[in-house]
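Keeping their order, the protein sequence lines are chains A, B and C. Just so you know, we're using my numbering here: the first sequence kicks off at -17 and counts up by one. Just so you know, we're using my numbering here: the second sequence kicks off at -17 and counts up by one. Just so you know, we're using my numbering here: the third sequence kicks off at -17 and counts up by one.
It should be emphasised that the hints constitute simulated quantities derived from the structure, not laboratory data. Where is the CB? At the ideal position from N, CA and C, for every residue including glycine.
On the chain C side, residues computed to face chain A include the following (Cβ under 10 Å):
id, residue
1, 34
2, 36
3, 97
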Amino acid sequence: MIAQTNSFTIATRGKGTYDITEQVREFVATSGVRDGIVTVFVQHTSASLVIFENADPTARADLHSFFERLVPEDGKGYTHTAEGPDDMTSHLRMVLTRTSEVIPVSNGELCLGTWQGIYLFEHRRQPYTRSIVLNVLGD
Amino acid sequence: MIAQTNSFTIATRGKGTYDITEQVREFVATSGVRDGIVTVFVQHTSASLVIFENADPTARADLHSFFERLVPEDGKGYTHTAEGPDDMTSHLRMVLTRTSEVIPVSNGELCLGTWQGIYLFEHRRQPYTRSIVLNVLGD
Amino acid sequence: MIAQTNSFTIATRGKGTYDITEQVREFVATSGVRDGIVTVFVQHTSASLVIFENADPTARADLHSFFERLVPEDGKGYTHTAEGPDDMTSHLRMVLTRTSEVIPVSNGELCLGTWQGIYLFEHRRQPYTRSIVLNVLGD
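Chain A with its partners taken away, still in its complex shape (with noise of 0.2 Å):
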């Protein structure tokens, strides 16, 4: 049995979604495991992560639209306003989305659907480092 923890980080350029899914299928290659689970893990409360979409770019786009419409960066309702006004709708639309991810593994390949992409959902406007840790448990 194998128990491996790794972690990388993407540097974002502004809200929108960044595939990372190649970073997990290298490190789930690397590890020899050929049977168990890999978790993915954004170490943020304002950036998260979905399995999403990944052939046509219009379904990301509509993606983000569809969250300023669900989560509006008006300023309505919101006290956490320090860092502006995409702070507070940063974390929320983490909360309704995912922290962690956790896609099994067999014969050493994920086991994604064929239009299945990981992405680092970015919330905040302005650049950062997004910090991801990884960990694969299996045979």
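Given chain A's structure and the hints, the job is docking chains B and C onto it.
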């Protein structure tokens, strides 16, 4: 330590929730794992997973109608519409629920609460064959 | 390889977020696991889990009021109302957040970011005893 992966399919007949608790329970029972975790993973971006109230069907009916209101199929604000008005909304409803659920296993049993069932949440109108991967890890 | 399961209860005093980070940290510390993952699982369908900003209480207050707006207790659109206006809304607020959270463990420590706390999110008005299951897997 046991690490086992398997998969099964569900034939959906339109939007709604489909109980998959028994398939997960049976997988864990036959694995022989006494203490550990089971990961349930759906390999699609227009269907998702929820752990939900399993006693009163009106709760699930209200769940379905709430998502119709929260992510309306009115075509407004979506550009990714090649497959119809339930295309982009399916991705958004998926992203607001789960791609994976992880459930502890103790004494060979799923640690679900009395009123918890595991459901596939289908967001498309047409019938689909949905693929779900299961992994169990433990002693 | 270690696989350990345990559970504890939290007495809630109405709607809001309750910090359970210390209970998870202590469970991992006493397990002896150095590298692996810890799964936190809430056995209810009207309470949920979030990993959230742990420094400024106004962020949590804004979280609470956002969910009042997103899933209003105005009785509109709900048929599952036997237990009052906070019955169906509790299931919906649960479904939009998490039943389980999985956190990597490295060098015997939870891999939480500086500002991340683990919270039980209670959605009912009345006091409840909430049961949370913990599982740790690793070396």
